[in-house]
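> Residue-level listing of the chains:
2 protein chains.
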Amino acid sequence: MSFEVKAEDLAGRVGKIKFKGGSLETPALLPVVNPRTREFPPEGLWQIGYRGLTTNAYLLWRFFREEAVEQGVHKLLNFQGFILTDSGAYQLLQYGDVEVSPLEIVDYQLKLKPDMAVILDVPTGWEASRRRAEWTVKETLKRAQEALNFLKDKRGNILWVGPVQGGKYVDLVAEAAREMGKLGFDAYALGSPTGIMEAYQFDLLTEMVLAAKKWLPAGKPFHLFGAGHPFMFSLAVALGCDTFDSAAYALYAKDGRYITEYGTVRLERLRYLACNCPACRRTTLEDLMELPRREREAFLMEHNLYVCLSEVERIKQSIVEGRLWEHLEVRARSHPALFQALKNLGKHWKTLEKTTPRWKPRGLFIFDEVSLSRPEVQRHREKVFRLLGNLQNRILLLLPEPEAKPYTQAEGYRKVSEILCELEMEGDVYVCFYNPVFGVTPASLADVYPLSQFEVAKPYGKTLLENMVEYLSNLLKESSFRAVIVHPDPSLLSPEQAGKLKATFTGWASDPWSSEALENLRKTLAQLKAFEGFTGL
Amino acid sequence: MSFEVKAEDLAGRVGKIKFKGGSLETPALLPVVNPRTREFPPEGLWQIGYRGLTTNAYLLWRFFREEAVEQGVHKLLNFQGFILTDSGAYQLLQYGDVEVSPLEIVDYQLKLKPDMAVILDVPTGWEASRRRAEWTVKETLKRAQEALNFLKDKRGNILWVGPVQGGKYVDLVAEAAREMGKLGFDAYALGSPTGIMEAYQFDLLTEMVLAAKKWLPAGKPFHLFGAGHPFMFSLAVALGCDTFDSAAYALYAKDGRYITEYGTVRLERLRYLACNCPACRRTTLEDLMELPRREREAFLMEHNLYVCLSEVERIKQSIVEGRLWEHLEVRARSHPALFQALKNLGKHWKTLEKTTPRWKPRGLFIFDEVSLSRPEVQRHREKVFRLLGNLQNRILLLLPEPEAKPYTQAEGYRKVSEILCELEMEGDVYVCFYNPVFGVTPASLADVYPLSQFEVAKPYGKTLLENMVEYLSNLLKESSFRAVIVHPDPSLLSPEQAGKLKATFTGWASDPWSSEALENLRKTLAQLKAFEGFTGL
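Chains as they are written, first to last, in our numbering: chain A, -2 to 534; chain B, -2 to 534.
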């Protein structure tokens, strides 16, 4: 039993769980199979491409008891892949009580021989008071300790999951994670987010997952209970969820709903099967409408499962390509609540930054100010803050970004270099480019990834431009150059905005690279040199 | 031969072209088939689900001459669907000259018996000077007139297409369309946008298509030559393109590129087949990499064609559901250049508004200020401007939007109504709600679509809130109420922003619906009444 991380982006990762029956690539969706009804046959899941599933130990205990133990859960369900057994906590949350004790269900799972199993925790739920939430955290931790004591010498090739409770009380989630993390489970999970996801509180979900993950050992798989629509899978993965179970494919199907990239459509409202999955290719809408209810449900389940799987594959491809943020930008337009979560994610860039590669095979796509909060941008902005803060007593020359990338390849930059050379100031002047994406790009770093590897929507919006001036203004306040010279470009900087910068301006020209404008720049530098020579600075 | 529009959204439409061999539902992608190489067999296109294709009459003339005429283009290509023959104008643009005269190729097409055919126009291209562009417009119009004279008594069950030239000179495009529109073609087309699309100038493409469509008869199909990646199909459709040809599926395949929703991935970089199309389901990445080049190309073509087709189906479903704008929001995050085009589209809301339904089966998704430029929002804002402008001499009461929708169902509103009743002011006071989406929602319209049917990302961003105040400020300037009373909600209106509104404020409270805040509101109204009674207003 091991977990290996193969690629990372944001807090998301592609990994591999090795288990006795093989290996499971993560992130993995483990569709929920009700062992009694098996609406969708586990063999069918395998055929679609699922290599793992979730089933319920409590239901197995209630309805199959000895039979399930004799056969083992893999044989009972006729599924050779990875099986997670949940403990009945969901039933506990729904119905208030279950007929089995915490240790009984742990022992029962041990005998079922799944690949991952959950102790019987007490879900906090969505509507719990703070007091109740505190109790669920405490009680879950107590049960966790008892379960591990019980399992001491016989973990049985099973990854035992420690669920982190606390519900919407993020500080409780953090506390629960800190304690749970010390106990030495094989995997961890966020408990009871279902209500939060049903209420589309994806920004709260973000806070909960990040609070939990912060305190848990990074090398262990992290499970999200009860993920819903595939449009939120990429968010869950970006936060660091490695596995997630979902019954949405079946719940939607029973409700007559067909999953699309942006939500669901009731079958009656569907006019086109805009899907290439085998289920959709096999039929026509006309034929579908004529099917008896059960067959229509089976169709919907199959389609929904295909859509969910390809979204997981797409997310994995995004991680290896380093474009998980871009994928989030797309999915964020599936629903305003997801967009809100993406905006909220920016606050956590320092957490996401740690596992975001410094080099990626693709450039960054920058759309608007939301894109600026991505870790690659913030990482650079902070770096420049430190870098410029350490440059004592030099002259800072801020040039506007030229059209060409890297900026240092631009004709205009060559001319500025000549001017500096001619004035014998090249050693003393630190040249940077100001731009609304990275704020400031030092010429010496211009070809370092991603400073030349990005695409941005132009002309820049007002917010992006204002944001740049604010960054510049803060940067200049914190640094100790002996002079700051700004060569203005009216398409990036309005005279009004420029007023916020403590700097000398070379003169306003519609084209900052015209001979006239560059002559102004030369004069300003020459005057500065003469003045400093005169005053002996 | 007829064209019937079945559903509309923005300037996009689902329609049906009836032709001698059947009917073609639009928007339709007509993949380009090279009659010589037929890299992908036309039968295969049909099997995937394509009911139309594009082929090149000039190449047929050069390489099949009599044979093509004897068989007819349908039999020659073994395709029973809709066939568009292009005239060789692309070759003219690429190689500068073709060996056939304009009337010869018209006559040849007449004999080929396609379903839609194009006269031999002179493409303006992408790099033409204005003078050259003017000439291409003139020359194309001349040839168009000659072609129609030639075809006078023998259009041959073919939809003849009049291409609109002008290139990047939008005023020339408009002029060309006005003249071309008078000539009585069966369909129209935008000529030579390929270079513009290759340069990702989707905002310019928007201007060109809308300029052309403005002057062309709305009831005729409109074709876009040389559409590219499927991520731009929805933009093309939203602008009013009914058919488009594209060779991208084959060009990408030859270059080893696999189409994804956000762009393309080189096969070597692909780690996951995140696609459920029959081509992808039939193979594995490992097997793919072992295939000989030609078979790999065939795989890529097939996959690319499936992806393109499902995007078209998705667009049609979006139109019938009235969520084409939502679909554009998603696709706009495929590339910053598309996002730029979406931002630019807002300028044209009046054009798009005409064909955007007043009622839709789904609510609107509002993400940020870009979403505010959608026609449903702007239409309402303009309507309120007129409505309030016509209310002479009354009192305007502006309440903040409550949580509940429709706003008039909120408890707070009921209490305000009681206050008005108690003060006997209900006939004199016109109650509205201010909110960052619609600006102002009159209570009397609160349940009219879409004023209660929308989802918005909350908390509102700064830009949305500023935008609301600007709208309110303009609205108050233009209207002639005898008094304006604003009940402030600090989460929507900062005291600083409120300063921009010429109005009386009832008093600031963190909860505008608290008894205290409502008591303030009552007092303000009572004072106004007393004052007016006293002064005899």
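Hints listed in this document are in silico derivations from the structure and should not be mistaken for laboratory results. Note that the structure is a prediction, hence the values are computed from the model and not measured. Treat the hints with care, as some may be off.
One copy or any two copies: either way a pair holds, since identical chains are not told apart in the list.
[What the hints assert, rightly or not] Straight-line alpha carbon distances no greater than 20 Å define the calculated DMTMM-like cross-link-like pairs of lysine to aspartate or glutamate that follow:
1. 459 / 136
2. 13 / 283
3. 251 / 124
4. 455 / 204
5. 3 / 350
6. 3 / 283
7. 135 / 516
8. 108 / 350
9. 340 / 366
10. 340 / 204
11. 455 / 195
12. 72 / 408
> Take the hints in turn and mark each one as holding or not.
So, going through the hints one by one against the coordinates:
1. 459 / 136: neither (52 Å within a copy, 43 Å between copies)
2. 13 / 283: Between copies only: 18 Å across chains, 42 Å inside a chain, cut-off 20 Å.
3. 251 / 124: Cα proximity of residue 251 and residue 124: none, with 26 Å in one copy and 57 Å across.
4. 455 / 204: between (33 Å within a copy, 16 Å between copies)
5. 3 / 350: within (17 Å within a copy, 50 Å between copies)
6. 3 / 283: Close across copies (18 Å), not inside one copy (45 Å); limit 20 Å.
7. 135 / 516: neither (72 Å within a copy, 46 Å between copies)
8. 108 / 350: Intra 42 Å, inter 65 Å, cutoff 20 Å: neither.
9. 340 / 366: both (9 Å within a copy, 14 Å between copies)
10. 340 / 204: within (12 Å within a copy, 31 Å between copies)
11. 455 / 195: between (37 Å within a copy, 17 Å between copies)
12. 72 / 408: Intra 70 Å, inter 57 Å, cutoff 20 Å: neither.
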